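**Q** Spelled out, the chains give:
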Amino acid sequence: MELTRRDLLKGAAALGAAAAAPATTGRPALAQTTQKKELVVGQGGDVAFFDPHMSTSSNEIRWSFNIFDNLVSRHPDGKLYPGLATEWKLQGQTTWVFKLRQGVKYHNGDPFSSADAKASIERTYDPKNKLRVSTVFLTVDRIEAPDPATLVVHTKKPDPLLPARLAFYGGQIVPKKHLESVGPETFDRKPVGTGPLRFVSWTKDDRLVLEANPTYWGGKPDFDRLVVRPIPELAARVAAVLKGEVDVVTQVPPDQLDRINANASTRAVGALYAGLYVLAVNSKNPPLDNPLVKQALALAIDRDAIVKELWRGRGIVPSGPIAKGDNHFDAGLPPLPYNPKEARERLKKAGYKGEEVVIETTSGYTANDKPMSEAIAAMWKDAGINAKVEVLEYSVRAQKNAQKTFKGLWWSDPTSTLSDPDGMMWRLLSPGGPQDYWRHPRFDELGEAARFSVDEKFREQAYREMTKIFLEHFPWIPIIQPYEDYGLQKYVEWTPNSNQQFEIRRFNFKFRRA
Amino acid sequence: MRGFVPFLGHRVFRAVIALWLVSTVVFVVMRLSGDPVPLLLPPDAPRSEFARVRTELGLDRPLIVQYGVFMRSLAHGDFGRSIHFRESALAVVGGYVAATLELGLTSFFLAALVAVPIGLFSAMRRNTMIDHAAMAVALVGQSAPTFFLGILFILLLSLKADLFPTSGRGGWQHLVLPALTLGAFTMASIARLTRSAVLEVLNADYIRTARAKGLSEAWVVAKHTLKNAAIPIVTITGLQFGTLLGGAVVTETVFAWPGIGRLAIQSIYNRDYPVVQCTVFLAAVMFIVINFCIDLIYGLLDPRIRAR
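Protein sequence lines correspond, in order, to chains A and B. Counted the way the working numbering counts, the first sequence spans residues 291 to 804. Counted the way the working numbering counts, the second sequence spans residues 45 to 352.
For the record, the hints were derived by calculation from the structure and aren't laboratory data. This one's a predicted model, so the numbers in the text were calculated from it and none came from an experiment. Certain hints may be false.
Lysine-lysine pairs mimicking DSS-like chemistry, simulated, CA-CA at most 27 Å apart [said to hold, decoys possible]: (1) A:Lys408 with A:Lys447; (2) A:Lys780 with B:Lys204; (3) A:Lys326 with A:Lys494; (4) B:Lys204 with A:Lys326.
Same shape as in the complex, but just chain A:
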C-alpha cells in the first residue's frame, strides 16, 4: 500500500490532536481589511520560463498573462473583452481587422505598435524559434500591419475562433525590437511586456518578485509588489495561508477547503474548471475497439459517488465531451448515467470474455487521479469487467503520450483553451492530434467543417451531432468537471478564472482597505 501525502497529513493532524482544531484558536481574529502594499502568492511549483511562448503550464501562464498583454482578454466571466486591441471585426470570410490601443508602452519605455503584434504571432509558428505554442495559430495565412494602429490577419480558411485564440496562451504580445536586440535567452530571463506587472527578480525555487506597472493602461494594480513563492508541499502551502504568511494559495484540494473556511481570517474560492477530467481510451486495442464495451465502461461508473466522496461535491458530472461554460454546451443533455445492469447487458451483447482493461494512472498528475482509478476499477469489477490499475510515473506518461503507446485507458485533463469544443475535443481528438486513437468518418468531417465555419448555427448542429457520435463510441470516458480552488485572506477581493489565468488587473483584484 502506498501512503499519499494527504494520508500522512491526516495522520499528522490526528497525532498532534490540537492541530486538528481550527488553527488560529487562541489568537485574536485577524483584521479583514489590510494596508498591505504587497501581494504574496503561494503556488504548487516554480516558474521555469518567462518567455510567454515557451510555456502552457499553469504555474507559468499565471504570471505571463500579467507581465504581458494579449490583443483580446478573456475575463473571469468567460467573455472576450478588449486588450491591446480595442475592437475587431471580420471582413468577408477570412480577414480579421484589429484596431490597436494607442499610447501603450512596454516596461522598458518602447512604444507598442502593430509591428509587435505581427511579429509576436508570426514568431509562435516559425519552426526555428522552437516554441511550445507552435500549433496555436496554424490557421493564420499572413499578417499585415498597414499602420501602427491596425493589424490585419488573413486566415487560410474562415476561422471563427481567431479572437479566442488571441486571448489565450500563444497570444501574449512581446516587444519586437527589444527581443531582437537582446535575443530569446536573455528575454526569457528578463521579460519585458506591456502588462500590469513588471519583472524585478527571480531566485529559483525561492521567490519571484514582480512590481506594479505604475503607467499601466488599465490602471496600476492595487499593490506595489507581488511575490510568488513556490510551495510544493500541500500541507505547508495551506499552513502558509492559514497563518497569513501568504495572501493567496493555488491548487487547494477539496479536503482542505473546510480548514480554510473554518479559519477566521481566510476563505476558499473556486471556479469550475474550463475543461474535463476524462479517461482517454486507446480504441485500437481490443476489447476497447468495440463501442459496446466502451458504453458499458461508461455506464458502470457511479460518477455521483466520485464527486461526493472523492471531491467533496467540488465538481459536476459531465454530459458529454463539451465542458459546461463552453460555446455549444448543450444544457438539455442529462449527466452521464450510472446503470450497472445495462452495462452488463451491453458487455454480453459485445461478447466480452473477460479481457483485461487497464487504467494507466499517474499519482498526483491530476488531482485524485489514483483514488479515482481505484474507485472506477472497483466499480468495473462489480459490473463484471476485468479491470486493472497500473501506476505510471509522470515522465513515463509523457513518453507514452508522445509515442501514443497507452495500453487501455489513462487520465487526461483537457483544457478548453478557446471556450469552444474546437479548442478541446477537436484539438485533441482530431486526426493527427495528440489523442488520435479512434477515427469515425462523419465525426472527422463535422469537426473539420465546424473549425472553419463562421456560421454559428451550423457549428451548433455539427457539435450536437459530434456529441451523439461521441456518446456512442466514447473516445474519452468523461468522469468529472471539477472546481479549481484557491485559499485567500478575507481582505483579498478576487475572482478566479476558469481557464487558470490569474487575473489581477484593476477590474478583478483589490485589497479590502479599512
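Fit chain B to the given chain A structure using the hints.
**A** Showing chain B alone in chain A's frame:
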C-alpha cells in the same frame, strides 16, 4: 606527522575512484530511467520535432559515445547544459548549494551539539527517568519519517504555537523547523550511540583507576570518558552527514527550501541528466570531504591511529 603525504595521496586516489563510480552509476541509471524529450515538447508536437531535439541534446548517439563525451567534459569540470533550465548545469546547481549547506551544516552541528550531551547524560544517569525519557524521544526521532516530522512541526510549532514561519528561506527563524526536521534522525542516532559508547567506557578499568585516584567526576567524564568514547561517536557523526544529504531531499520539499535536494528531485522528474549528474557529483564530493575531515580528527583523537 610522519607519512601524511602518502596518506593524503592514498585518500585522494580513493576519492577519485569513488567519484568516477558515482558518476558512472548516475549516468547509466538516468539513461535507463526515461527520455527527457517528451517532457520538453508539447504533446501535439510533430514526430520530426522529437528527432530534432534528441539530436540537439546528443541523445541520438550511442550510449558509449555519450559516456565518453560526459567523462571528457567532467574532467574539464563541465557538467553540460541543463536540459530544463537551458543554462550551465553547474551554474544551476551552484545557485542551490548555499541553501543546502546552510540547512545541512546547521542540522549537523545542532545534532552534534544537542545529541552528545544528551547521550552522555543518559549514560551517566543510566536507568533513571531522564535516561528513559531521552531514549524514548530518540527512538521517535529515529523512526519517524522525515516528512511526517516536518508536517507535524509545521502544524504544531508554526501554525498552532506561532513560533516559526511555515516554510521558505529567510532569517534564522526560517531555519529552525527544517533544521530540526532534518537533524532529528541524526540527533537520535548520535545520542543513542553516545550513550552506549560512554557506558562501555564507564565500565573500563582505567575509569575505576581514575576515580580511585580521587579525580573529580567532571574530570573523569571530560578527560577520560569522553575522549575514549569519541572514536565511534565521531565515526557515526561523519556517516550521518550522508543521511543528512538524503534527508534534505524530503525536508527541502516540505519546507519549500531552495536547496539541491529539491532541485535533484525535480531534475529527476524532468530527466534533466546534466543537473542530476552535477548534483550527485557535488553531494559525493561533500560526503567525501566530510569523511576525510573525520579521518583527520581520528588522528588528533587517537595517537595510535596517527602512528599507523
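**Q** Decide, hint by hint, whether the structure agrees.
**A** Structure-based check of all given hints:
1. This hinted pair checks out: Lys408 of chain A and Lys447 of chain A have alpha carbons roughly 19 Å apart, not beyond 27 Å.
2. Using a Cα cut-off of 27 Å, the hinted pair Lys780 of chain A and Lys204 of chain B holds, with the two alpha carbons roughly 20 Å apart.
3. Restraint check: the Cα-Cα separation between Lys326 of chain A and Lys494 of chain A comes to about 25 Å, which is no more than 27 Å; the hinted pair holds.
4. Restraint check for Lys204 of chain B and Lys326 of chain A: the C-alpha separation of about 24 Å stays at or below 27 Å, so the hint holds.
Hint check: no violations occur; every hint is consistent with the structure.
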